[in-house]
Amino acid sequence: MSGSGADAAMVLRTTVFSADDLRRAHTRIAHEIVERNRGAADVVLVGLHSRGPAIAARLAAAIAGFEGTEVPVGTLDVTFHRDDVGLRPLHPAGPTVVPVDVTGRVVVLVDDVLFTGRTIRAAMDATTELGRPRSIQLAVLVDRGGRELPIRADFVGRNLPTRLAEDVRVRLVETDEVPEDTIELWGPPETAGEEVEA
Amino acid sequence: MKHLLSIADLTRSDLDELLDLAASFLSVTQRETPKVPALRGRTVVSLFFEDSTRTRLSFETAAKRLSADVMVFSVATSSVKKGEGLRDTVATIAAMGIDAVVVRHAAAGAPRRITEWIDASIVNAGDGRHQHPTQALLDAFTITQHRGRDLSGMRVAIVGDVRNSRVARSDVQALSMLGAEVTLVAPPTLLPETLEGWPCSSAVDLDPLLPDLDAVMLLRIQHERDASTRFPSLREYTARYGLTEARARRLRPDALIMHPGPMNRGVEIAAAVADGPQSVIGEQVTNGVAARMAVLWKLLGAGGDVV
Numbered sequence: 001m002s003g004s005g006a007d008a009a010m011v012l013r014t015t016v017f018s019a020d021d022l023r024r025a026h027t028r029i030a031h032e033i034v035e036r037n038r039g040a041a042d043v044v045l046v047g048l049h050s051r052g053p054a055i056a057a058r059l060a061a062a063i064a065g066f067e068g069t070e071v072p073v074g075t076l077d078v079t080f081h082r083d084d085v086g087l088r089p090l091h092p093a094g095p096t097v098v099p100v101d102v103t104g105r106v107v108v109l110v111d112d113v114l115f116t117g118r119t120i121r122a123a124m125d126a127t128t129e130l131g132r133p134r135s136i137q138l139a140v141l142v143d144r145g146g147r148e149l150p151i152r153a154d155f156v157g158r159n160l161p162t163r164l165a166e167d168v169r170v171r172l173v174e175t176d177e178v179p180e181d182t183i184e185l186w187g188p189p190e191t192a193g194e195e196v197e198a
Numbered sequence: 199m200k201h202l203l204s205i206a207d208l209t210r211s212d213l214d215e216l217l218d219l220a221a222s223f224l225s226v227t228q229r230e231t232p233k234v235p236a237l238r239g240r241t242v243v244s245l246f247f248e249d250s251t252r253t254r255l256s257f258e259t260a261a262k263r264l265s266a267d268v269m270v271f272s273v274a275t276s277s278v279k280k281g282e283g284l285r286d287t288v289a290t291i292a293a294m295g296i297d298a299v300v301v302r303h304a305a306a307g308a309p310r311r312i313t314e315w316i317d318a319s320i321v322n323a324g325d326g327r328h329q330h331p332t333q334a335l336l337d338a339f340t341i342t343q344h345r346g347r348d349l350s351g352m353r354v355a356i357v358g359d360v361r362n363s364r365v366a367r368s369d370v371q372a373l374s375m376l377g378a379e380v381t382l383v384a385p386p387t388l389l390p391e392t393l394e395g396w397p398c399s400s401a402v403d404l405d406p407l408l409p410d411l412d413a414v415m416l417l418r419i420q421h422e423r424d425a426s427t428r429f430p431s432l433r434e435y436t437a438r439y440g441l442t443e444a445r446a447r448r449l450r451p452d453a454l455i456m457h458p459g460p461m462n463r464g465v466e467i468a469a470a471v472a473d474g475p476q477s478v479i480g481e482q483v484t485n486g487v488a489a490r491m492a493v494l495w496k497l498l499g500a501g502g503d504v505v
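First to last, the sequence lines map onto chains A and B.
Quick note on numbering: this note's numbering labels position 38 of the first sequence as 38, and the sequence is numbered without any gaps.
Each number in this note's numbering corresponds to the 1-based position in the second sequence with 198 added.
Mixed in with the good hints there might be a few duds.
[To be verified] Quick look at which bits of chain B chain A covers, simulated, 3 or more residues with Cβ under 8 Å:
1) 212 to 226
2) 487 to 500
[Claimed, not checked] Some chain A residues flagged as far from chain B (calculated, every beta-carbon gap over 10 Å):
3) I136
4) Q137
5) D176
6) G187
[To be verified] With a straight-line cut-off of 20 Å between C-alpha atoms, the simulated EDC-like cross-links for lysine to aspartate or glutamate are:
7) B:K233 x B:E481
8) B:K233 x A:D83
9) B:K280 x B:E248
10) B:K233 x A:D84
11) B:K496 x B:E230
12) B:K233 x A:E129
13) B:K496 x A:D83
14) B:K233 x A:D101
15) B:K200 x A:D84
16) B:K496 x B:D218
17) B:K262 x A:D83
18) B:K496 x A:D84
19) B:K233 x B:E258
20) B:K262 x A:D125
21) B:K200 x B:D218
22) B:K496 x B:E215
23) B:K233 x B:D267
24) B:K262 x A:E129
Source of the hints: derived by calculation from the structure; they are not laboratory data.
Given the structure is predicted, the values throughout are model-derived calculations rather than measurements.
Ideal placement from N, C-alpha and C gives every residue a C-beta, glycine not left out.
Pulled out of the complex, with its shape left as it was, chain A reads as follows (with noise of 0.2 Å):
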C-alpha cells in the first residue's frame, strides 16, 4: 500500500530506511516475535501481497538463524475481501497459499505499510477462513498512521507520520527489481505546508 504514487510533481522528502537499516529492523522484528511468543514454534508467517511474502520470507530465514525453528511462510492475497469492490480497479496481486493449518497458531501477517487498516481488516477475514487461529499478530516496516479502523500493529520497523498526500515508497530486492532495499518518503514540493487533498 503506497498511496498516491502516480503523482509526477513528488519530491523526495526522506529516506526512511536504508538497505542497512532495513536488514536490522528485520531483525529486530524476527527477535520481537519469538520473544512475544516465547519461541516460535507455533507460528505462521503470512505475507500480504504484494510485498509481504517477501518480508516473510527474510523474518522467517532471521528465526531459523538466531532460534533454529523453521517457521512456515504462507501469502494471503485480500482483493475478495475488500471493502471497497466496485469503488476502483481490484485485480488479485498473486496466490493465497498457507501451507499449514491456522487452526491453533499465532498468525502473524506481514505488509510493508500500515495504513489505514482496511487491508490488515481483509486479511483478518480472509485469515479467519481458513482457519481459527490462537491469535493473529501484526507485522509492518512502516507505520504511517492515518488509521480509519481500530487497528494496531504488534512489531512496527519504523513509525512514521504522514500526510495524506505523501507517500511512503518501498522498494525491495525480491519484488521491484532495484540493486538494494530502500524505503523513501515522497510528497509534493513544500509550498505552504498545507494538507493536499488526494
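Model the placement of chain B on the given structure of chain A, informed by the hints.
Coordinates of chain B only, in the frame set by chain A:
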C-alpha cells in the same frame, strides 16, 4: 468490461486476465470455506429460457461463492407461460434492482438485445447456435491448467455436431487466441456451410488425426436441434466419430479428453473413455465454477466503474 456476450468481444489481455482470475477462484473453491465476500450486496439473476443443469447450477454456485444474492428465474413456472414477451420479462426483473443477468436463450443474439433494454451486466450462458463464452473460457482454462498459458502448436480436435454447436464457435475463438490449432471434425452434414472467418480447419475423418492431438473435445449430438436427421444412424455415427475405447488407445497418453456435457454415453463417447484416466470431463465442471466466478467478478467487482 460490462457484459460478456461473445468470445469475439474479448482481447487477448481480457482472456489472460479471466484465466488468471479463474486460477485465483479455483483456489478459493478448494478451501474449507470455499467462499469470499467479494460481491456481497450484488444480485445476480439466472434467466434460462432453455433447459440446462450444469451451466445454470454452475453460475448459481459461482455467484454464491462470491457472496452475491442469486435469483432464479424459472421459465416453466413464470409469466412467460402466460405469453409475456422477453422485453417485458427482462424489464420486470431489472425493475427489482439487479446487477447482472445470466441469460440462456434459443435465439442467437437475445443476450445482446437485452443489453439495449436494461442497465445490468449481461452474461451470455448460451444463445442458440451462436455463442457460449463461459464454456469456452472453462475449456481454455482446463487445457491451460494442464499445458500452460501458451497453446502455440497444440492440436485440438472438436468432434461432432459442430453445425449446431455454440460451444464449438466459442471454443475455436478462445483456443485459437491462445495459439492452438483447432480442427473441427464431423460428417459434412454436421459442419457449418462455410468456415469463412473461423480461425480453424476442418476434417471429415477423425482417425488420421488421433495420434497428434493434444486434446479432443467431443460434442453432444443435439437431437433437439435436428442433428440426428443429418446422418444415417447413431450406430454409424459412433462407428466413424465416436471416441470408442479403440480410438482412445490411439491418442497420446497425455492427450486430454473433454466433453462439455451432457454426454450421450455410448454415442459420441464410450462410457469407459469418459471415466478413464485421460478424461478431464469432471475437471471441466469444477473449473466451470471458477471460470464463472472470474466472469462475474470481472463484470461486477474488478472494474471500479460500477458504483
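Okay, the hints, checked on the actual structure:
1. 212 to 226: holds (count 7)
2. 487 to 500: Answer holds; 4 residues pass the 8 Å Cβ test.
3. I136: holds (16 Å)
4. Q137: holds (22 Å)
5. D176: holds (21 Å)
6. G187: For A:G187, whose nearest Cβ neighbour in chain B is about 26 Å away, the distance exceeds 10 Å, so it holds.
7. B:K233 x B:E481: holds (19 Å)
8. B:K233 x A:D83: Distance ~16 Å between B:K233 and A:D83 Cα, so the pair holds.
9. B:K280 x B:E248: Between B:K280 and B:E248 the Cα gap is close to 17 Å, so the pair holds against 20 Å.
10. B:K233 x A:D84: With Cα atoms ~18 Å apart, B:K233 and A:D84 stay inside 20 Å; holds.
11. B:K496 x B:E230: With Cα atoms ~24 Å apart, B:K496 and B:E230 exceed 20 Å; violated.
12. B:K233 x A:E129: At roughly 8 Å apart (the allowed maximum being 20 Å), A:E129 and B:K233 satisfy the hint.
13. B:K496 x A:D83: This hinted pair holds, its Cα atoms lying about 16 Å apart.
14. B:K233 x A:D101: holds (17 Å)
15. B:K200 x A:D84: The hint holds at about 18 Å.
16. B:K496 x B:D218: holds (11 Å)
17. B:K262 x A:D83: Holds. B:K262 to A:D83 sits at ~18 Å (cutoff 20 Å).
18. B:K496 x A:D84: holds (15 Å)
19. B:K233 x B:E258: Given that 20 Å is the threshold and the Cα spacing comes to 13 Å, the pair holds.
20. B:K262 x A:D125: holds (17 Å)
21. B:K200 x B:D218: The hint holds at about 18 Å.
22. B:K496 x B:E215: holds (9 Å)
23. B:K233 x B:D267: The hint holds at about 13 Å.
24. B:K262 x A:E129: Roughly 16 Å separates the two Cα atoms, so the pair holds.
Going through the hint list in order, the structure does not satisfy hint 11, though it satisfies all others.
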